[in-house]
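**Q** Sequence:
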Amino acid sequence: MKQVALLRRRAELLECEIQRRKELESALRSSLQERSEIEEALRNCLKRECDARMTAERNNAFKDELLGIVGHDLRNPLHTILMAARLELTHGEDLPPHVQKNLERIVTSGVRMQRMIEQLLDLTRDRFNGGIPVEPSEQPLLPIVGKIIEEACAAHPDRRFELTSEPAEGTSAPPDDCKVLVDADRFEQVLSNLVENAVTHGSATDPVRVAVKTFEQGVAIDVYNQGPPIDPALLPTLFDPFKRTRYPCTRSAGLGLGLYIADRIVRAHDGRIAVESAAEKGTCFHVELGRVR
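If you count the sequence shown from 1, you need to add 1 to reach the working numbering.
Since the hints were derived computationally from the structure, they do not count as laboratory data.
No incorrect hints appear here.
In the DMTMM-like style, the derived pairs of lysine to aspartate or glutamate whose C-alpha atoms are separated by at most 20 Å in a straight line are:
id	residue 1	residue 2
1	K148	D184
2	K148	E167
3	K244	D65
4	K148	D159
5	K282	D223
6	K244	E119
Use the sequences and the hints to build the structure in full.
**A** This is the structure we're talking about:
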């Protein structure tokens, strides 16, 4: 009887073990099925991501190529239009007032379009060439800044501009003798973009102020305007391309590339550009460059 009981007990244990193993096998099959489904979902996700990346790259390449083609193809006929309008304006005393005014509008709009085209071309150069090319040489700084102020005065006779130069606090370096290693044409473009930005978004009754300060290691150029402050939420992306809405209550006729291009040119000179904006102080764009020793 004891042997029968022992055999019965062993049979029960064996059945329990068989049942346990069946449950383990079922759980393992379920786990393998889930793993297979997860791996399949992951493969599909990676494929969609790869397809989306390739599509985005093709779209970006097409956009950059299109910008370059449009920029080059528009520049020549626009140059012809501006040249013809300016030539007609040289005979202004013989023109009826309304014709002269229309020609002036053509020139003003043409110059603005010319600036947009150049910005599109700069964007294309930056995207394709890994940066905007510059050819630095030793240049006195103040004549470059003064030229941009003179051009701004001529373009905006109803606005006031102030240029000051002084050593930074605690130094005695004379700004008048300050020389920097820059591509003069490109750096004029930086200053022109910053001054135009100040005119567009600044107060019409307060002057646009440009201050040049020298310090031991370099030079700083500050462009101030007393317009409404920039929304702090916009500051992190202020120098991104195609960012047009930066200030409340103002509208820009540009493409939103001016600050982006200014930033890229300053970076190409191993410089730094930053912005501070507050209601009580207005907005200041700050550019720093190294000095020629």
